[in-house]
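*Asks:* Each chain, written out:
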Amino acid sequence: MKATDKDVAYVAELANLELTAEERGGMLRDLNSILAYVDLLNELDTSDVPPMAQVSDRYGVDESRQGSERFVYASREDILEGLRKSLPQAEALANAPDADEEFFRVPKVIER
Amino acid sequence: MELNSLTIEAARAAVQRREVTALELAEAHFARIKQEDGQIGAFLTLSKERALEQADRMDRMAAEGKTLPPLGGVPVGIKDVMSTRGLRTTAGSKILENYVPPYDCTAVARMEAAGAVVLGKMNCDEFAMGSSNENSAYRPVRNPRDLGRVPGGSSGGSAAAVAADMAVATLGSDTGGSIRQPASFCGVVGLMPTYGRVSRYGLIAFASSLDHIGPLTKTVTDAAIVLRTIAGRDPMDSTSAEVPVPDYVAELEKPFRGMRLGVAKEYFGEGLNDEVRQAVEAAIDKLKSLGCEIVPVSLPHTPYAIPTYYLIATAEASANLARFDGVRYGHRARGVQTLSEMYRRSRAEGFGAEVKRRIMLGTYALSAGYYDAYYLKAQKVRTLLTRDFDEAFRKVDAIVTPTSPTAAFRLGEKSNDPMAMYLADVYTVTADLAGIPGISVPCGVTREKLPIGLQILGKHFDEAAILRVAYAYEQA
Chain A
1 MKATDKDVAY VAELANLELT AEERGGMLRD LNSILAYVDL LNELDTSDVP PMAQVSDRYG
61 VDESRQGSER FVYASREDIL EGLRKSLPQA EALANAPDAD EEFFRVPKVI ER
Chain B
1 MELNSLTIEA ARAAVQRREV TALELAEAHF ARIKQEDGQI GAFLTLSKER ALEQADRMDR
61 MAAEGKTLPP LGGVPVGIKD VMSTRGLRTT AGSKILENYV PPYDCTAVAR MEAAGAVVLG
121 KMNCDEFAMG SSNENSAYRP VRNPRDLGRV PGGSSGGSAA AVAADMAVAT LGSDTGGSIR
181 QPASFCGVVG LMPTYGRVSR YGLIAFASSL DHIGPLTKTV TDAAIVLRTI AGRDPMDSTS
241 AEVPVPDYVA ELEKPFRGMR LGVAKEYFGE GLNDEVRQAV EAAIDKLKSL GCEIVPVSLP
301 HTPYAIPTYY LIATAEASAN LARFDGVRYG HRARGVQTLS EMYRRSRAEG FGAEVKRRIM
361 LGTYALSAGY YDAYYLKAQK VRTLLTRDFD EAFRKVDAIV TPTSPTAAFR LGEKSNDPMA
421 MYLADVYTVT ADLAGIPGIS VPCGVTREKL PIGLQILGKH FDEAAILRVA YAYEQA
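Protein sequence lines correspond, in order, to chains A and B. My numbering puts the first residue of the first sequence at 1, with every later residue one more than the last. My numbering puts the first residue of the second sequence at 1, with every later residue one more than the last.
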């Protein structure tokens with residue numbers, strides 16, 4: 001498969017990345033060189049192979065937890081004991097590029 | 001006493017016996033950093049106040065005759081992808097230039113609880129993406145063994161600091177080889193534990209199913225000491241495993257004779273530098289002469305590891321890096337009118353070229369129409385790669401390979417060719433995909449005196465076995 005200019009523009013939009021015209025050209029070249037290499041995987045017949053998203057799915061220490069991410073998260077000790085305490089508001093806001101004493105401040109959300 | 005060449009054991013013992021104070025030890029390392037780091041560039045941020053406070057605490061313990069904890073007074077460095085409360089953490093990126101985390105990474109907290117003195121934060125490739133440390137937004141790290149060469153990436157600062165005696169030990173992170181490859185290039189020991197052995201809480205995520213935290217040290221014993229300190233279940237990371245942590249240091253002394261070591265032909269094919277091949281083959285002969293059995297094994301899917309890795313790592317990275325939107329922390333572009341403009345421009349200004357390239361590839365691989373062809377396909381091949389190891393480990397206790405196909409390359413040599421750079425990880429990525437542990441130990445130098453690394457891979461949660469092989473080799 002070969003990516004096109006249009007793909008690069010579309011993916012940049014999805015990724016919330018503004019690219020200059022020059023960057024778009026470089027990206028198209030790099031993407032296609034990597035994708036050409038990645039096509040190597042098509043040599044393998046994987047129709048009967050299950051996908052592997054997480055290592056712990058395979059060696060799961062607790063058999064009952066295997067295979068289901070949701071189940072693993074549901075048994076997190078900190079959640080079982082109730083939700084973890086939030087950061088104090090001042091600390092949570094301390095790294096914000098723009099905030100008042102209570103909120104993160106952002107440009108108008110209503111216009112995209 | 002030469003204060004800058006001590007191992008963890010020697011440094012702690014010296015502080016305990018009050019032959020040197022932890023304060024003097026820290027000062028000696030800061031002096032060394034001042035003298036050397038202008039050229040090398042291993043540190044991004046120094047934490048002198050935090051270090052001296054901890055050193056003072058350890059000195060008072062020693063003065064009171066109390067037994068110091070295992071890392072008592074030992075000067076260490078932390079790769080700048082691990083959060084440190086109150087201490088700037090950048091992940092090597094401009095987007096986090098002024099970020100000061102409100103909490104500590106579990107591995108760092110455990111190091112400090114064990115008495116370690118944190119000197120500062122180590123330079124690295126931006127968001128741990130790179131094989132040469134040339135992708136740091138701040139400055140490249142230079143290899144202390146040859147300043148014209150790269151230290152390897154992405155834990156290049158962590159490896160270089162240990163190699164140049166600016167820290168006794170450091171923490172790095174490994175997603176595709178980022179602890180083992182720089183350890184190999186700089187001539188130090190680098191250990192990647194099993195996935196889930198060490199909590200990732202507080203690690204700035206690159207690819208969550210592949211990220212591992214581990215130590216870079218001067219000796220195998222030191223690697224065992226650090227692993228013993230940081231390993232074990234952490235309720236803050238649901239993927240950290242509830243598996244007992246052995247005393248890795250005691251494990252080193254267990255018999256090595258009779259262990260079965262696998263050698264896979266796929267790791268000795270085309271692309272392997274001759275000098276590296278000779279050094280690794282000599283190391284394997286030496287292990288054989290020490291009493292282990294060498295067994296040929298096959299890892300037939302190895303040629304598919306790099307494409308699989310780049311699809312999975314970039315897909316996960318594109319999701320993880322979505323949190324950098326200029327709202328809660330990090331860089332925000334000025335003069336923007338709308339929210340989406342703020343996102344797009346902040347990210348454009350904050351991320352470097354390699355990070356953008358990987359976000360784009362990952363987003364592409366996950367996007368509608370390409371998910372099955374790329375991301376799902378890669379996950380299936382990941383299963384095949386993992387089965388290769390399962391099969392091999394039915395026959396052997398550990399597998400020995402070169403860590404990297406070449407010794408350290410020159411700065412700039414591969415920086416314009418992403419594919420060439422990605423291939424530097426050809427022998428390391430498979431272990432990350434399978435989640436098995438791996439260690440790199442020095443096994444000689446090239447004619448140009450550049451270090452060569454021997455990689456030893458083990459079964460899930462069997463770090464003890466690879467440490468034992470590495471230790472036997474190191475001691476021989």
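These are calculated hints, taken from the structure and not from any lab test. Source: prediction; values computed, not measured. Where a beta carbon is used, it is the ideal one built from N, C-alpha and C, also for glycine. Check the hints yourself; a few may be wrong.
Pairwise CB distance ranges (calculated) [unchecked claim]: (1) V49/A x E242/B: 24 to 30 angstroms; (2) R394/B x A9/A: 24 to 30 angstroms; (3) E22/A x A250/B: 54 to 60 angstroms.
Stretch by stretch, here's where chain B covers chain A in the computed footprint (C-beta under 8 angstroms, at least three residues) [to be verified]: (4) 8 to 22; (5) 46 to 56; (6) 94 to 105.
*Asks:* Next step is simple, just say for each hint if it's right about the structure.
*Replies:* Each hint, compared with the structure:
1. V49/A x E242/B: 24 to 30 angstroms: holds (29 angstroms)
2. R394/B x A9/A: 24 to 30 angstroms: violated (50 angstroms)
3. E22/A x A250/B: 54 to 60 angstroms: Taking Cβ atoms as reference, E22/A and A250/B lie about 58 angstroms apart, which means the hint holds.
4. 8 to 22: holds (count 10)
5. 46 to 56: holds (count 9)
6. 94 to 105: holds (count 6)
Violated hint for the displayed structure: number 2, the only one.
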